[in-house]
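Peer 1: Chain by chain, the residues run as shown.
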Amino acid sequence: MNREEYLNVMFNLNQAVLADSTALLALTVAWLDPLMILEESGELEETDLTEFYESGDEMGAALRVARDCFPGIYAKAISQVRDGMELNLVSDLISAEITEQTGIPIDDYDDPVAFAYGIPMPFYGVDWDDDDFIEDHPELTDLALLLGATREQSYGREEINFSKRSYQVSQIIRSSLEEHDKDAVLRSLMVAIAHITGSSGNST
Amino acid sequence: MIDRTQSRLFQVLSEVKALELEGSLVFQQAMRPQSGEFFPSLQNIDKQQVLRMAIEVKEYTTRCWQGTQGLRDLNPIPAQVYIPKFGIL
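Read top to bottom, the protein sequences are chains A and B.
Each residue of the first sequence is one higher than the one before, starting from 58 at the first, in the numbering used here.
Each residue of the second sequence is one higher than the one before, starting from 4 at the first, in the numbering used here.
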C-alpha cells in the first residue's frame, strides 16, 4: 500500500467514525481520557499511586495525579505525547503547567517518582525535625507543650513530639477560637496554633 | 407479555442515543480526515475549552464506571417463574 492509498483508507475510516455517534463518543473518550479505557480493559499494570512508586513509573504517576486533580493539564499532556513528546519530559510538562496555573512551585524535588505521593508541593510550615528547633523557637516550643506535645530524646538530641491526640486537641481548640476572631489576642492564639500544627506537602 | 430476554435487553441498550459531548463536537471540527492522524492535536484549541472538555469527559467516564460497577454488583433475579404444580407462569 502506497502513501496515497493509506491516506485514502484513513480518510474513509475517519469519515465512517465521524458519522457514527457511538463511535465518535468512544473516540472522544480515547482522545481525552485514554487512561480510563486502559484501566478498564486491564492494560494498565499500575492503577494506584503506590504501584506507580514501586514500579518507578514517573510519567504514569504524573499523569495519574494530573487526571485526578487537573484534567485540562492531563488532556494536554496526553496530546503532547501523541504529538511526539519524549516520555521522560511528560512529568516536567505537568509540573510546569501546575506551577503556571496555581503558582505552586513544584519543579524542585529530588525523588523522580515524587508524583507517586501526590502533587509534589514544597514543605511550608514548622519543621519540628530541625535540629535547632527548640533553641531557635522557644515560644513555639512552649505553645506546643501547652497543647500536649512532649519533649523527647531522639538520636542524642531533644525534639518535640506531637502525638495524634495532641494534634486533635490542638485542632479542636483552634476551631473553637474561630468564632472569637474579632478578639485580637484570641485570634493571635488561633493563628499560632494553626501555624505550629499545619504544614504543606504532597497531597491529592 | 414483556420480552425479558438478553437479546431484547441488548436491542434496547443499543437503541439508546449516544451522548453528545462538547469534546465530540470539537473532535469533529478539529479532525483532518486526510492528514492520516487518528486524533487531532489540542495545540490550537482554546485552553479553557480543553479544560471544559476534559472535565466533561472525565465525569462521563466516571459515571460509566460507576454504572457498570452498580450493574456488576446487582444480585440476579428470576425473569420468569414457572411453578407447574399450580399452573403459575
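What the hints contain is simulated information worked out from the structure, not anything from laboratory work.
C-beta atoms are modelled at their ideal positions from N, C-alpha and C, and glycine is treated no differently.
Any given hint could turn out to be false.
Claimed, not checked - List of simulated lysine to aspartate or glutamate pairs, EDC-like, C-alpha gap at most 20 Å:
(1) B/LYS61 / A/GLU154
(2) B/LYS61 / A/ASP186
(3) B/LYS50 / A/GLU97
(4) B/LYS50 / A/GLU157
(5) B/LYS50 / A/GLU96
(6) B/LYS61 / A/GLU96
(7) B/LYS50 / A/ASP149
(8) B/LYS61 / A/ASP125
(9) B/LYS88 / B/ASP76
(10) B/LYS50 / B/GLU25
(11) B/LYS50 / A/GLU154
(12) B/LYS20 / B/ASP76
(13) B/LYS20 / B/GLU59
(14) B/LYS50 / A/ASP140
(15) B/LYS61 / B/GLU23
(16) B/LYS20 / A/ASP77
(17) A/LYS221 / A/ASP189
To be verified - Label pairs and their calculated CB-CB ranges:
(18) A/GLN158 / B/PRO81: 10 to 20 Å
(19) A/ALA73 / B/GLN14: 17 to 27 Å
(20) A/VAL248 / B/ASN47: 39 to 49 Å
(21) A/SER256 / B/VAL15: 53 to 63 Å
(22) B/ASN47 / A/LEU203: 55 to 65 Å
(23) B/ASN47 / A/GLN158: 47 to 57 Å
(24) A/ASN145 / B/GLU23: 36 to 46 Å
(25) A/ALA241 / B/LEU28: 49 to 59 Å
(26) A/TYR181 / B/LEU12: 13 to 23 Å
(27) A/GLU157 / B/GLU62: 20 to 30 Å
(28) B/GLN51 / A/LEU202: 42 to 52 Å
(29) B/VAL19 / A/SER112: 31 to 41 Å
(30) B/LEU28 / A/TYR181: 36 to 46 Å
(31) A/LEU203 / B/LEU77: 13 to 23 Å
Peer 1: Please list, smallest to largest, the hint numbers that this structure does not respect.
Peer 2: Those not satisfied are hints 2, 3, 5, 9, 12, 17, 18, 23, 26 and 31.
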